[in-house]
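Sequence lines, in order, name chains A and B. Quick note on this note's numbering: the first sequence kicks off at 181 and runs consecutively. Quick note on this note's numbering: the second sequence kicks off at 180 and runs consecutively.
If you're looking for bench data, these hints aren't it; they were derived computationally from the structure. Any given hint might turn out to be false.
[What the hints assert, rightly or not] Think about it this way: if two alpha-carbon atoms lie no more than 30 Å apart in a straight line, the pair counts; the simulated DSBU-like pairs of lysine-lysine are:
{"#": "1", "chain 1": "A", "residue 1": "K225", "chain 2": "A", "residue 2": "K182"}
{"#": "2", "chain 1": "B", "residue 1": "K190", "chain 2": "A", "residue 2": "K225"}
{"#": "3", "chain 1": "A", "residue 1": "K289", "chain 2": "A", "residue 2": "K225"}
{"#": "4", "chain 1": "B", "residue 1": "K232", "chain 2": "B", "residue 2": "K190"}
{"#": "5", "chain 1": "B", "residue 1": "K249", "chain 2": "A", "residue 2": "K182"}
{"#": "6", "chain 1": "B", "residue 1": "K249", "chain 2": "B", "residue 2": "K232"}
{"#": "7", "chain 1": "A", "residue 1": "K289", "chain 2": "B", "residue 2": "K236"}
{"#": "8", "chain 1": "A", "residue 1": "K222", "chain 2": "A", "residue 2": "K289"}
{"#": "9", "chain 1": "A", "residue 1": "K182", "chain 2": "A", "residue 2": "K222"}
{"#": "10", "chain 1": "B", "residue 1": "K236", "chain 2": "A", "residue 2": "K259"}
{"#": "11", "chain 1": "A", "residue 1": "K259", "chain 2": "A", "residue 2": "K289"}
{"#": "12", "chain 1": "A", "residue 1": "K259", "chain 2": "A", "residue 2": "K225"}
{"#": "13", "chain 1": "A", "residue 1": "K222", "chain 2": "A", "residue 2": "K259"}
{"#": "14", "chain 1": "B", "residue 1": "K236", "chain 2": "A", "residue 2": "K182"}
{"#": "15", "chain 1": "A", "residue 1": "K289", "chain 2": "B", "residue 2": "K232"}
{"#": "16", "chain 1": "A", "residue 1": "K259", "chain 2": "B", "residue 2": "K249"}
{"#": "17", "chain 1": "B", "residue 1": "K236", "chain 2": "A", "residue 2": "K225"}
Because the structure is a prediction, the values reported are computed rather than measured.
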Amino acid sequence: RKEVEQDPGPFNVPEGATVAFNCTYSNSASQSFFWYRQDCRKEPKLLMSVYSSGNEDGRFTAQLNRASQYISLLIRDSKLSDSATYLCAVRGNNNNDMRFGAGTRLTVKP
Amino acid sequence: DAGITQSPRHKVTETGTPVTLRCHQTENHRYMYWYRQDPGHGLRLIHYSYGVKDTDKGEVSDGYSVSRSKTEDFLLTLESATSSQTSVYFCAALQGTGNTIYFGEGSWLTVV
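With the hints as constraints, model all of the structure from the sequences given.
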């Protein structure tokens with residue numbers, strides 16, 4: 181079993197839709213959680229950190245469920261420019277221990 | 180932006196040849212990483228460094244070595260490239276303020 185798992189998608193949604201991604205992790209001692217966005221043939225870029233109480237940044241909401249060991253990303257009012265692959269990342273106690281999911285591909289269509 | 184640049188950005192090489200990828204950072208980050216990204220596997224850690232001359236193996240280190248003689252440079256070497264090392268390689272650094280990892284633009288390597 182992979183340490184961090186994501187549904188690969190693809191998710192194809194119309195503009196304006198709300199879409200949610202989940203990411204499960206196996207290490208219960210994980211300390212830090214992140215969502216990255218990666219465009220085709222580009223590097224992953226940090227979208228947002230995920231805090232225990234949940235956090236929001238504009239149309240994006242991230243949540244953490246420690247009991248069930250998953251994090252989620254909700255995108256409201258999807259834009260064409262949201263089309264990308266979204267990677268979740270989970271870190272344990274050490275700075276070398278960052279694990280990434282394989283990513284969920286999102287395509288937003290007109 | 181963590182001030183990370185990689186070179187070369189694209190390279191085609193023959194099986195059995197040595198290859199070195201360079202990662203250069205300008206912001207004095209202590210921790211640096213080399214990842215490879217392959218379809219279905221996501222990003223996997225090859226090696227990391229926690230200071231000058233301090234390096235350690237990641238989960239897919241076989242066939243790779245690294246060196247860090249200066250804070251700003253982290254080199255990844257494929258001693259004898261194989262076709263299974265065809266991949267995109269990302270260098271990354273840990274930014275202390277947010278405790279998050281930022282990536283360079285990637286190096287696309289093809290071994291033929």
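Checked hints:
For the suggested pair K225/A and K182/A, the alpha carbons sit about 22 Å apart, so the restraint of at most 30 Å is met. Only pairs whose Cα atoms come within 30 Å are accepted, and K190/B paired with K225/A is accepted, the gap being roughly 23 Å. With a CA separation close to 22 Å, the supplied pair K289/A and K225/A stays within the 30 Å bound. Restraint check: the Cα-Cα separation between K232/B and K190/B comes to about 26 Å, which is no more than 30 Å; the hinted pair holds.
Using a Cα cut-off of 30 Å, the hinted pair K249/B and K182/A is violated, with the two alpha carbons roughly 34 Å apart. Distance check on the hinted pair: K249/B and K232/B sit about 8 Å apart at the alpha-carbon level, within 30 Å; holds. Proximity of K289/A to K236/B is assessed by CA-CA distance (about 42 Å); at most 30 Å being required, the pair is judged violated. Annotation: proposed proximity of K222/A to K289/A holds, straight-line Cα distance about 21 Å (limit 30 Å).
The hinted pair formed by K182/A and K222/A meets the criterion: a straight-line CA distance of about 24 Å does not exceed 30 Å. Restraint check for K236/B and K259/A: the C-alpha separation of about 40 Å exceeds 30 Å, so the hint is violated. Restraint check for K259/A and K289/A: the C-alpha separation of about 8 Å stays at or below 30 Å, so the hint holds. Among the hinted pairs, K259/A with K225/A is consistent with the structure: their alpha-carbon atoms are about 18 Å apart, no more than 30 Å.
The straight-line distance between the Cα atoms of K222/A and K259/A is roughly 19 Å, inside the 30 Å bound, and the hint therefore holds. The hinted pair formed by K236/B and K182/A meets the criterion: a straight-line CA distance of about 19 Å does not exceed 30 Å. Distance check on the hinted pair: K289/A and K232/B sit about 49 Å apart at the alpha-carbon level, beyond 30 Å; violated. About 43 Å separates the Cα atoms of K259/A and K249/B, which puts this hinted pair outside 30 Å; it is violated.
Among the hinted pairs, K236/B with K225/A is consistent with the structure: their alpha-carbon atoms are about 24 Å apart, no more than 30 Å.
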